[in-house]
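Protein chains: 2
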Amino acid sequence: MRRQRIAIDMDDVMAITSEKFLKNINRLFDKNLSEKDFKGKYWLDIITIDQYKACIELVHEEGYFLDFPIMPDAVEVIKALNEKYDVFIVSAATEFPNSLKEKMIWLAEHFPFINWKNIVLCGDKSIISADYLIDDHPKNLKTFLGKSLMFDAIHNQTVTDYQRVMSWKEIATILL
Amino acid sequence: MRRQRIAIDMDDVMAITSEKFLKNINRLFDKNLSEKDFKGKYWLDIITIDQYKACIELVHEEGYFLDFPIMPDAVEVIKALNEKYDVFIVSAATEFPNSLKEKMIWLAEHFPFINWKNIVLCGDKSIISADYLIDDHPKNLKTFLGKSLMFDAIHNQTVTDYQRVMSWKEIATILL
Numbered sequence: 013m014r015r016q017r018i019a020i021d022m023d024d025v026m027a028i029t030s031e032k033f034l035k036n037i038n039r040l041f042d043k044n045l046s047e048k049d050f051k052g053k054y055w056l057d058i059i060t061i062d063q064y065k066a067c068i069e070l071v072h073e074e075g076y077f078l079d080f081p082i083m084p085d086a087v088e089v090i091k092a093l094n095e096k097y098d099v100f101i102v103s104a105a106t107e108f109p110n111s112l113k114e115k116m117i118w119l120a121e122h123f124p125f126i127n128w129k130n131i132v133l134c135g136d137k138s139i140i141s142a143d144y145l146i147d148d149h150p151k152n153l154k155t156f157l158g159k160s161l162m163f164d165a166i167h168n169q170t171v172t173d174y175q176r177v178m179s180w181k182e183i184a185t186i187l188l
Numbered sequence: 013m014r015r016q017r018i019a020i021d022m023d024d025v026m027a028i029t030s031e032k033f034l035k036n037i038n039r040l041f042d043k044n045l046s047e048k049d050f051k052g053k054y055w056l057d058i059i060t061i062d063q064y065k066a067c068i069e070l071v072h073e074e075g076y077f078l079d080f081p082i083m084p085d086a087v088e089v090i091k092a093l094n095e096k097y098d099v100f101i102v103s104a105a106t107e108f109p110n111s112l113k114e115k116m117i118w119l120a121e122h123f124p125f126i127n128w129k130n131i132v133l134c135g136d137k138s139i140i141s142a143d144y145l146i147d148d149h150p151k152n153l154k155t156f157l158g159k160s161l162m163f164d165a166i167h168n169q170t171v172t173d174y175q176r177v178m179s180w181k182e183i184a185t186i187l188l
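Note that the protein sequences, when read in sequence, are chains S and V.
Note that our numbering has the first sequence beginning at 13, numbered continuously upward.
Note that our numbering has the second sequence beginning at 13, numbered continuously upward.
A few of these clues could be false.
If several chains are the same, the list does not tell them apart, and a pair holds so long as it fits within one copy or across any two.
DSS-like, lysine-lysine: derived pairs with alpha carbons at most 27 Å apart [unchecked claim]: (1) 48 to 96; (2) 159 to 65; (3) 129 to 65; (4) 32 to 96; (5) 151 to 129; (6) 129 to 159; (7) 154 to 96; (8) 65 to 181; (9) 48 to 129; (10) 96 to 35; (11) 129 to 53; (12) 181 to 43.
In case anyone wonders, no lab produced these hints; they're calculated from the structure.
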């Protein structure tokens, strides 16, 4: 029998990425914002479109994706999931060509048990077929035909369409 | 109504890649092999495993994926397909981390009408959901649940399990 397949997003699910974005906002525009200022809001509710674009410019730079911290318990839980399910890492990355190799390096460093065959770097995730999708972005969950788990993030606080998971420990209790 | 989705492989389907591999065999091992020597055979029927590995080493080098010639009529036919279908470029590329950005550059140069959202760089293509898959590798076609079109290549001459297409002109007559 085929094992069930879990597709797992990287940014803000496996890797803590919005923290760096927030630091860059504070640094570039001399602000002192914290995560709680963004609770239930989009970036553009707090900063201007020009400020947002300046921060996105930095995302295109070499090295941006290399040093993200790991989400708590992600390594242990994904390792255990990988024993029981076919785990695929599915990251919307083609918008940032420099990120592609860096994401492979980051995964090899922190999740060496993930085979290159099980990594997908894409744009529109509606092409992905799996039994579960763990992702923080409603736009990715919306087109998914399997079971969705929405990883809690500062930008999805108002979304109620998907089962919200607060941590990798909670995912372990659901899937293991 | 949702448009039908076509997933299209890159190497030896959009890009002529085996020619460079063959040239490297001839150059490295002082041979004078041509495509016809490989008709219906695998690389390893003609060269040793060590010779094959030496050529694969070169595939890992920077720049290897930047200068492939385009398969005849690929641009015109894929452009027309892109008007009628949701076209996704799906390349098994994560084995070669340097290839990832280079494939994006090659696509942007020769197929600028393909949006980054519609590019998938992956390993195991069984995670792809589409109505059609155009690919030269039986291993990719085998797990695909939609309609398969096997693009003629020197290494798939003995395979009879899929509808073989000889050219992009032939694909145009089938899909347009």
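Worksheet item: Which earlier hints can't be squared with this structure?
Response: 1, 2, 4, 8, 9, 10 and 12
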